[in-house]
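K.L.:
Top to bottom, those sequences are chains A and B. Under our numbering, the first residue of the first sequence is numbered 1, with each subsequent residue one higher. Under our numbering, the first residue of the second sequence is numbered 1, with each subsequent residue one higher.
Mixed in with the good hints there might be a few duds.
Identical chains blur together in the list; that is why a pair holds if it fits in one copy or across any two.
[To be verified] When the alpha-carbon atoms are kept at most 35 Å apart in a straight line, the in silico DSBU-like pairs for lysine-lysine are as follows:
1. Lys29 <-> Lys235
2. Lys374 <-> Lys306
3. Lys184 <-> Lys366
4. Lys235 <-> Lys73
5. Lys29 <-> Lys216
6. Lys235 <-> Lys49
7. Lys235 <-> Lys70
8. Lys237 <-> Lys375
9. Lys124 <-> Lys184
10. Lys366 <-> Lys50
11. Lys101 <-> Lys49
12. Lys236 <-> Lys70
13. Lys50 <-> Lys184
14. Lys49 <-> Lys236
15. Lys366 <-> Lys235
No lab work stands behind these hints, which were simulated from the structure alone.
There are 2 protein chains.
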Amino acid sequence: MKKTLLLIFYCLFYLCSMSQQNEVFVAKKIVEEVMNNSGAYENLRFLCKKIGPRLSGSIGASKAVTATAKMLKAAGADTVFLQPCMVPRWERGAKEKGYIKVAGQPNYHLNLCALGNSVGSGSKGVLGNVIEVKSMQELEQVKDIVKGKIVFFNIPMNPSYIRTFRAYGEAGIGRRLGPSAAAKYGAIGVMVRSLASNVDEFPHTGATQYNDSFPKIPAVAISTRDAEWLSNQLKKKISLTAFFSTHCKMLADVPSFNVVGEIRGSDLPQEIITVGGHLDSWDLAEGAQDDGAGCVQSIEVLRSIKALGIQPRRTIRAVMFMNEENGGRGGKAYLQWAKDKNEQHIFALESDAGGFTPRGISMDMKEAQREQLKKWQPLFFEYGVYDFFAGGSGSDIAPLKQLGTALAGFSPDSQRYFDLHHAPNDVFEAVSKRELDLGAANMALLIWLVSEYGL
Amino acid sequence: MKKTLLLIFYCLFYLCSMSQQNEVFVAKKIVEEVMNNSGAYENLRFLCKKIGPRLSGSIGASKAVTATAKMLKAAGADTVFLQPCMVPRWERGAKEKGYIKVAGQPNYHLNLCALGNSVGSGSKGVLGNVIEVKSMQELEQVKDIVKGKIVFFNIPMNPSYIRTFRAYGEAGIGRRLGPSAAAKYGAIGVMVRSLASNVDEFPHTGATQYNDSFPKIPAVAISTRDAEWLSNQLKKKISLTAFFSTHCKMLADVPSFNVVGEIRGSDLPQEIITVGGHLDSWDLAEGAQDDGAGCVQSIEVLRSIKALGIQPRRTIRAVMFMNEENGGRGGKAYLQWAKDKNEQHIFALESDAGGFTPRGISMDMKEAQREQLKKWQPLFFEYGVYDFFAGGSGSDIAPLKQLGTALAGFSPDSQRYFDLHHAPNDVFEAVSKRELDLGAANMALLIWLVSEYGL
Chain A
1 MKKTLLLIFY CLFYLCSMSQ QNEVFVAKKI VEEVMNNSGA YENLRFLCKK
51 IGPRLSGSIG ASKAVTATAK MLKAAGADTV FLQPCMVPRW ERGAKEKGYI
101 KVAGQPNYHL NLCALGNSVG SGSKGVLGNV IEVKSMQELE QVKDIVKGKI
151 VFFNIPMNPS YIRTFRAYGE AGIGRRLGPS AAAKYGAIGV MVRSLASNVD
201 EFPHTGATQY NDSFPKIPAV AISTRDAEWL SNQLKKKISL TAFFSTHCKM
251 LADVPSFNVV GEIRGSDLPQ EIITVGGHLD SWDLAEGAQD DGAGCVQSIE
301 VLRSIKALGI QPRRTIRAVM FMNEENGGRG GKAYLQWAKD KNEQHIFALE
351 SDAGGFTPRG ISMDMKEAQR EQLKKWQPLF FEYGVYDFFA GGSGSDIAPL
401 KQLGTALAGF SPDSQRYFDL HHAPNDVFEA VSKRELDLGA ANMALLIWLV
451 SEYGL
Chain B
1 MKKTLLLIFY CLFYLCSMSQ QNEVFVAKKI VEEVMNNSGA YENLRFLCKK
51 IGPRLSGSIG ASKAVTATAK MLKAAGADTV FLQPCMVPRW ERGAKEKGYI
101 KVAGQPNYHL NLCALGNSVG SGSKGVLGNV IEVKSMQELE QVKDIVKGKI
151 VFFNIPMNPS YIRTFRAYGE AGIGRRLGPS AAAKYGAIGV MVRSLASNVD
201 EFPHTGATQY NDSFPKIPAV AISTRDAEWL SNQLKKKISL TAFFSTHCKM
251 LADVPSFNVV GEIRGSDLPQ EIITVGGHLD SWDLAEGAQD DGAGCVQSIE
301 VLRSIKALGI QPRRTIRAVM FMNEENGGRG GKAYLQWAKD KNEQHIFALE
351 SDAGGFTPRG ISMDMKEAQR EQLKKWQPLF FEYGVYDFFA GGSGSDIAPL
401 KQLGTALAGF SPDSQRYFDL HHAPNDVFEA VSKRELDLGA ANMALLIWLV
451 SEYGL
C-alpha cells in the first residue's frame, strides 16, 4: 500500500513538473516570438503616422476601424467582425486662444485647449478675473466671490506617488468636476492645470463631466508651465484678467464600431477570453501610448499565438474598443453584445496604461482566481512582470463585471505616462519598440495560460 | 524567570518592530524628498546642455570636473575634493566619411563613426572589398580570403534577451576584438554593426582593444540601418567595395580628476561607502543616460540625505569617476588613493546603466552580505526595486574588490538603453525626470541603510 501510494505520488509529481516545464517552455517560445517577430510597432506606426488622431466619430476613428480589422486578419484571426455602437461626436473646432492681461506689458499667451465634452465660448470668448483654488475644498471657502470670475483649478499631481495613476485620480477632480462645481457659484469659465507629471508647454485635454443642474460653462486646460507662471503672478496679490475662446461643440451621436478578431478555441470555444485596448484617442494626439499601444499589443497576442501554431483551448478575442475617452460606449456595447448572444466571458485583460516596460497585473476578480494567477507569477518574473495585485482593470472591460467575468489590467511602468497623456506629445516616437513588445509578450503569456487552464 | 524572559522577548520584539517602522518611515521620507525636491534633473541639464560631450582629456571633461565639484558643494557635501589621475586622450578629428560603391548608381552613403581608441586612416582612407561575418567563428572560416579586404562584423544584439546587457556583451565581441582579429589575417579595415537594439541611422561608438601582436587597422561602426542594407546587398552575391576615412588618433596622456563629495560619518567615519557614476562620456553624445544620469543621481543621494537632516553613521562619498569609457583610469586611481590612505571601504554602489526606471540591485559580494541586502528588499518594493540578484557592479568600483569591498550595481530597466548608448541620440531629452529621480531615491535608500547598519 505504502509503495503504491509512493508510486502515485511520484507519478503525480512527474506529471506536475512536466506540466511546469511545459509552461516554462511555452513562455519562452512566446516571448521569443514576440521579441523577434512582433508586428506591434509597425502597426502602431501606421495608426499614428498614417491615420493620426482618432477621436470617436472622426474620420480618423473610422479609418482606424478599417485598418485594425485588416491588421487582425493579417495577424491570423479566424474571424474578424465589427460590433456597432453609437458614439458621441465632440468637435474642437477652430484653435483655442487665451491670454492673461499683464499691466504695462504684452498679454501673456496661454498654451491651452478645451476640455473634452466641454461647451465652446464662441469667438467673443470668456473674459474675467482669475481666482485660483488648489482643491475643491478651497473652492467652497471662496464660493462667495466666484461669481463672474474664471476659476483656475491649480491642482498638481503629487510627485511623490510612485503609482502615478493615483496622483492622476486625485488631481483629476478639478478637470472632471471643476467646471460644474464652479458654475454652481456663478463662475463664467474654468481653467484647469493640465494633468501632467512634468512641467512643460503642452496642454493636456481629457473629458469633463457637466452636472445638468448648473450652467455649462466653457472649460480649458492650460499647460503646467503656464499654471506655474499664473500661480506665481497671483501670489503677488495682483488682480489678473484672463481671456480665452473655444469653439468646441457636442454634435449628435454617430455610428461607430468595436473591432474584434477571434481565434476560436479548440476544446472549450464557448469560453471567451478578451484582450483589448481602445482605438479612439484624443484629437490633439496621435494616441500612441493612449491607447494605440494597447490595441497593437492585443493584435500581437493573437499574431504570436497563431505564429507559434498554438491551438488555444478556449476562444481568444482581441478587441479594439471604441469611445473610451469620452463616453465608454464601446465597452457598453461589448457587454450588450455578450448579453444578447448569451456569451460566456471567463476572463478579460485590458492594456490602457501605455506601452511602457511591463511591471504587473492588476486583478479585479475573486480571491481564489487571484491566487491562481499569482501561482503563475514566477513564469513572468524574468520577463519583467512581478507584481500581481488586487486593483482595477480597464474601463472598457469593466462592464463585463456584470457577467461575473474575471478582469485584469495590464500594468506597465507609469513614470512617463503623464508627461504625454492626452497631449500633443503622445506620438509614435514616444514609444519604445522593446518596451511595447515586452508588454505584448507578457500579455500573450497570460492570455495563453488562461486559455489553457481556465480560471 | 519565565515572566522575565517573556518581558525581555516583548522588549526585543518591540524594539525590533520599532526599528522596522523606523526604516519604513525613513524610506518614505527619502523617497518623498527626492521625488519632490530633487536637483538631479537640472544638474543633468547643465552637464548635457551647458557642457555637452565629456570625453577624457577634452575641455568638456575638464568643465564637468569643475561643475560637479560645485554641484556637490551645493548639495551639502562636508568636503569636496579632486583625485588626480592621468587619462588617455583620444581625439576623433575631422568628421568621418564612408560609402559603398553601387554599380550604375550613386555611392551609398554610410552613417559611420570611428571606434573609440582606434587609429585613423587619414584622408586617403581605406578602400577594399567587403566581406561579412556574423561571428568570430565565421571569421575563422573565411580567414584565407580576408587579406586586403574590409571585414564587416554584422553581429546583431539578440532581441529576445530581456536583460539587454547580455545581448550587448555577446554581440560586442566584434567591436572589442574584431579589428585585431581581422588584422591577424591581413584585413585592411573593419566595419562593425553598431551595438544597438533598434534599427536607425545613428552609428554607436565605443572602445575597441587592439592586440599589439597585429597591425592596428582603422575601424568604424556603421548604423544598424546601414548594416541591414549592406547585408541585404551582400546576400545578392555581388562583390561590393567600401571606402571610409577616419582622422582619429591617440595622443599622450593628460592629467584629469575624479570628483568626490563626502558626508563624514558621525559614528564610524573610517568606514567609507561610495556611490558613483562616471563623468566622462563619448564625444558624439551629451552622455545623458551614459552616464550623466549616474553622476547626478549620486549627487542627489548626498543632497537628499543632507536635506533631511540625516547624520549618517558612516562616511558617504559621491564619486564622479573619470575615464570609464576608454581607459578606466579613474577607477584605478580611486583604488590607489584608498590604498595610499589606508582607507576602509565597506560598500560601493555604481549607477552606470542609465537613469531609467529602477528595477534591481546587482550584488557582487559575499553570500552573507547578499542575504543582508535581500532582507531590506521589502522596503524597496513599492518604489519599484524588487530584484536583488548576484551579478556584476560597475567598472569604476570593480577595482575596490581588491580591498574586499562589497560591491553593487544599480540596475534600472534596460529596454531603451541600447537605442542610444554611445550614440548622438543619448541626449538630455532622452531622460525622464521621474525615472531619474526614482532611481536616485532608491539609491539614497540603499546608501542610507548601509550607512546606518553596515554590511
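K.L.:
List, from low to high, the hint numbers that the structure doesn't satisfy.
P.N.:
3, 5, 8, 10, 13, 15
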